[in-house]
Amino acid sequence: MFLGKVIGTVWSTKKDENLVGAKFLIVKQLDLNLNEKDSFVVAVDSVGAGEGEIVLVATGSSSRQTEITKNKPVDAVIMAIVDKLDIALKEYLVEHQE
Amino acid sequence: MFLGKVIGTVWSTKKDENLVGAKFLIVKQLDLNLNEKDSFVVAVDSVGAGEGEIVLVATGSSSRQTEITKNKPVDAVIMAIVDKLDIALKEYLVEHQE
Amino acid sequence: MFLGKVIGTVWSTKKDENLVGAKFLIVKQLDLNLNEKDSFVVAVDSVGAGEGEIVLVATGSSSRQTEITKNKPVDAVIMAIVDKLDIALKEYLVEHQE
Amino acid sequence: MFLGKVIGTVWSTKKDENLVGAKFLIVKQLDLNLNEKDSFVVAVDSVGAGEGEIVLVATGSSSRQTEITKNKPVDAVIMAIVDKLDIALKEYLVEHQE
Amino acid sequence: MFLGKVIGTVWSTKKDENLVGAKFLIVKQLDLNLNEKDSFVVAVDSVGAGEGEIVLVATGSSSRQTEITKNKPVDAVIMAIVDKLDIALKEYLVEHQE
Chain W
142 MFLGKVIGTV WSTKKDENLV GAKFLIVKQL DLNLNEKDSF VVAVDSVGAG EGEIVLVATG
202 SSSRQTEITK NKPVDAVIMA IVDKLDIALK EYLVEHQE
Chain V
142 MFLGKVIGTV WSTKKDENLV GAKFLIVKQL DLNLNEKDSF VVAVDSVGAG EGEIVLVATG
202 SSSRQTEITK NKPVDAVIMA IVDKLDIALK EYLVEHQE
Chain X
142 MFLGKVIGTV WSTKKDENLV GAKFLIVKQL DLNLNEKDSF VVAVDSVGAG EGEIVLVATG
202 SSSRQTEITK NKPVDAVIMA IVDKLDIALK EYLVEHQE
Chain R
142 MFLGKVIGTV WSTKKDENLV GAKFLIVKQL DLNLNEKDSF VVAVDSVGAG EGEIVLVATG
202 SSSRQTEITK NKPVDAVIMA IVDKLDIALK EYLVEHQE
Chain U
142 MFLGKVIGTV WSTKKDENLV GAKFLIVKQL DLNLNEKDSF VVAVDSVGAG EGEIVLVATG
202 SSSRQTEITK NKPVDAVIMA IVDKLDIALK EYLVEHQE
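The listed protein sequences derive, respectively, from chains W, V, X, R and U.
Using my numbering, read the first sequence as starting at 142 and increasing by one per residue.
Using my numbering, read the second sequence as starting at 142 and increasing by one per residue.
Using my numbering, read the third sequence as starting at 142 and increasing by one per residue.
Using my numbering, read the fourth sequence as starting at 142 and increasing by one per residue.
Using my numbering, read the fifth sequence as starting at 142 and increasing by one per residue.
Check the hints yourself; a few may be wrong.
In this list, chains with the same sequence are indistinguishable; a pair is considered to hold if it fits within one copy or across any two.
Straight-line distance between alpha carbons at most 30 Å, and here's what the computed DSSO-like set of lysine-lysine pairs gives [claimed, not checked]:
| hint | residue 1 | residue 2 |
| --- | --- | --- |
| 1 | Lys-211 | Lys-164 |
| 2 | Lys-155 | Lys-169 |
| 3 | Lys-225 | Lys-211 |
| 4 | Lys-164 | Lys-178 |
| 5 | Lys-155 | Lys-225 |
It is worth saying that the hints were derived from the structure and are not from the lab.
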């Protein structure tokens, strides 16, 4: 999985019929200091993630292993919202955005 | 999924027999300002996307999860046409090309 | 899929027993001006592609969705020979090599 | 698989219900001199790896082929702890961290 | 598949129980002049490859399509030993290391 931050939403009316109701979020990749990288993906949300939240994203066939994404043409899913990172001597507190 | 723009078509007569009728579109990858990157893929269209339209592309095994691509040797599919991106304080209006 | 050009062949005697008879071609990746990039893959041919031809290559699990590659340990397949690219105002004619 | 070093843990309360109990470790990629690269993934632990240990990580659908990760939305798993690398004339001893 | 050269072995005692007996080889990626690139993977050997040999490596789910790797958490397999490359006007002889 990669570490990311939700920064926006993609709206689409004309899409695969199995994707009606799916929420497409724009997720920027983060480094270990929680700084945003340039790269991003559009991922389906399966855990109620909101803008500004730090999340984990699973890609490829693994992204179809949730109730919401099963058998659907999606290759990235948000499957966890991150509370905290523990890294060696450093500790990052991630404040949730309500 | 990645954000892309349809810029052309690939024509092929000699291809896997399961791909007869499939439409191969050239999709350039976009950044969040909707500027084209250098990278591109050739993707099968499953939603009636046209040249100049902003789309979402799913890759890998996920690209075989549409009616049109099921069990076929394709690794990229256009599964949504983008209406609008909402990004934090910015808002991008995507005009559809008819 | 990516756009590529067949530039050679890989010969192997000692290989997985399911791969006996499979033809391994060296395919360089192309940009949209049909110039060769540095990157290349070794792909199994499923459509009778020859040296110098412009082709489409599908990778990953999708490369096992042809008669020739089914259930075999290959992760790249040539599944189409390209006749022509139509790109916006430009048109590229691809001459087949016989 | 890639060679990595466990450097930390990701904590998450709100996640896919099938992931309750899974341990998410931060794994930095290593070069052949065992120096850390910039890139990292968040991987589920299936072998009891601890911080500082050198491990192998399998990604993609292969990461779901362990008892712990089966049918779950994860795309990276630690499936081995490395004892030693033998490279040509060089030999790297990897000391385990207890 | 990519073209690689076996340069070493990874030893692991603590690993997924399905991987007992599997041989993990370190494979550096090669360019078309058979020069080693920086990138490498750790791959399971399915064809009896030895150090110094030029091989083909299949990655992803395709790496589980051999007798030795079936249903196991591995994402790279050596599935062929290369005898020779034929490239346009150039010909590379690959001498096997016994």
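Results for each hint:
{"no.": "1", "hint": "Lys-211 x Lys-164", "verdict": "both (14 Å within a copy, 23 Å between copies)"}
{"no.": "2", "hint": "Lys-155 x Lys-169", "verdict": "both (24 Å within a copy, 19 Å between copies)"}
{"no.": "3", "hint": "Lys-225 x Lys-211", "verdict": "both (28 Å within a copy, 25 Å between copies)"}
{"no.": "4", "hint": "Lys-164 x Lys-178", "verdict": "both (23 Å within a copy, 25 Å between copies)"}
{"no.": "5", "hint": "Lys-155 x Lys-225", "verdict": "between (37 Å within a copy, 12 Å between copies)"}
Taken one by one, the earlier hints all hold for this structure without exception.
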